[in-house]
Amino acid sequence: MDKDSYNSFTAINNIMIVSISCEMTDDNTKTLLDKVTENAYKNDVKGVILNFSEVTMLDTYLFKSFKDLTSALVLLGVESIWVGLKPGVVSALMDLGIDLDLKKIKTAVNLDEGLAKLK
Amino acid sequence: MEVTKQNITLADELLQQQILNQIPTTVMAVDKNMNIIYINDAGIKILSKNMNEIIGKPCCEIFNSSHCNTEECRMKRVLATGVPYSARNEITINNQIIPIEYYAVPLKNDKDEIIGGLEYVLDITERVQYEERLREQSYTIRQMSTPTIKLWDGVLVLPIVGVVDSMRAQHMMESMLTKIVETYSKVIILDIQGVAAVDTAVANHLIKITKATKLMGCDCILSGISPAVAQTIIHLGVDMDSVKTRSTLSDALEEAFTILKYEVIKK
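These protein sequence lines map, in sequence, to chains G and H.
Under this note's numbering, the first residue of the first sequence is numbered 1, with each subsequent residue one higher.
Under this note's numbering, the first residue of the second sequence is numbered 1001, with each subsequent residue one higher.
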């Protein structure tokens, strides 16, 4: 029943890299969150990289979902780093005017940096 | 005590007509149904028509403006409410579009009833050209004034000079984010020493920029904060908790090295 768009998970050295696709809908976001948390638990993952480089748009719902995912992973003892957000996406997100609380979100400028931060 | 009038000849009707006709801009009057009942010489000249082609005709037929026959028509509003209105508009004469500003006021009879309206029209072609030139110059200044410079491997610096309004803040943010992606920088220093006035709006623009860079994985340090600015920000109650700040660019660079875990050793 896996008809959501392709989200890939890769694991290296207890670090899971989640490549978020550009077609995130309300439905498959929920599915993705479930999958990531289950995977993190099952495979004894210590760190997660959320790779946003394919994402073309982040609205309030998506942003909150990924923030919630980050917090949920913290509860599981897993650190996560956001990587690859495009300037256009960030600009549009800022224009939404929501009060972004970025204290709980760790970010890195590219995949290398993200992996380095997780070590 | 009576004030004696000197020997001044007041303008008679003929002279009054001449006065109206000497006004270098179009003056016209319409009746309640928006038919033209008067137009001065300047108006006739601009329309390049004869008097009898104009008088008695509905004004929308003659002037052909973008407000004609729409809710935008200010003369319609004046005739309905008796309140003066003015607006910018465009008229088309001989297939040429002329930008104008027109003022409409009501004409009333002795019983204070609205019997028509008076309109005078200013050709603002020159003004529009000035505005266009101003826009171009503003654009040039904006382009010139926000170069993001690579200060060190992984460190960008953006010195800001002048006024930070929302358009400039937006433009700065976009150019910063693009540069961050291009150079994979991990720290960007925003130097605001050249910013004349920091008020709540400017502070909020800066905070928004620091959040945006943070989302891209780049730490933002605000430097060039003067004692006066520091006091102003606290006094305004702006929440700067999420922002790293330093008073000078060199301090900010030191902080950047700390973040990047670089150490400077003297040989």
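Rather than coming from a laboratory, the hints here were simulated on the basis of the structure.
Heads up, a few of these hints could be off.
With a straight-line cut-off of 20 Å between C-alpha atoms, the simulated EDC-like cross-links for lysine to aspartate or glutamate are [claimed, not checked]: (1) H:K1179 - G:D99; (2) H:K1179 - H:D1191; (3) H:K1208 - H:D1241; (4) H:K1186 - G:D59; (5) G:K106 - H:D1191; (6) G:K86 - H:E1174; (7) G:K103 - H:D1165; (8) G:K67 - H:E1182; (9) G:K64 - G:E113; (10) H:K1186 - G:E23; (11) G:K103 - H:D1241; (12) H:K1244 - G:D99; (13) G:K86 - H:D1241; (14) H:K1150 - G:E113; (15) H:K1208 - H:D1219; (16) H:K1244 - G:D101; (17) H:K1211 - H:D1239; (18) G:K104 - H:D1165.
Because the structure is a prediction, the values reported are computed rather than measured.
- Could you tell me which of the numbered hints above are not met by this structure, giving the numbers in increasing order? Violated hints: 1, 4, 5, 7, 8, 9, 10, 13, 18; rest satisfied.
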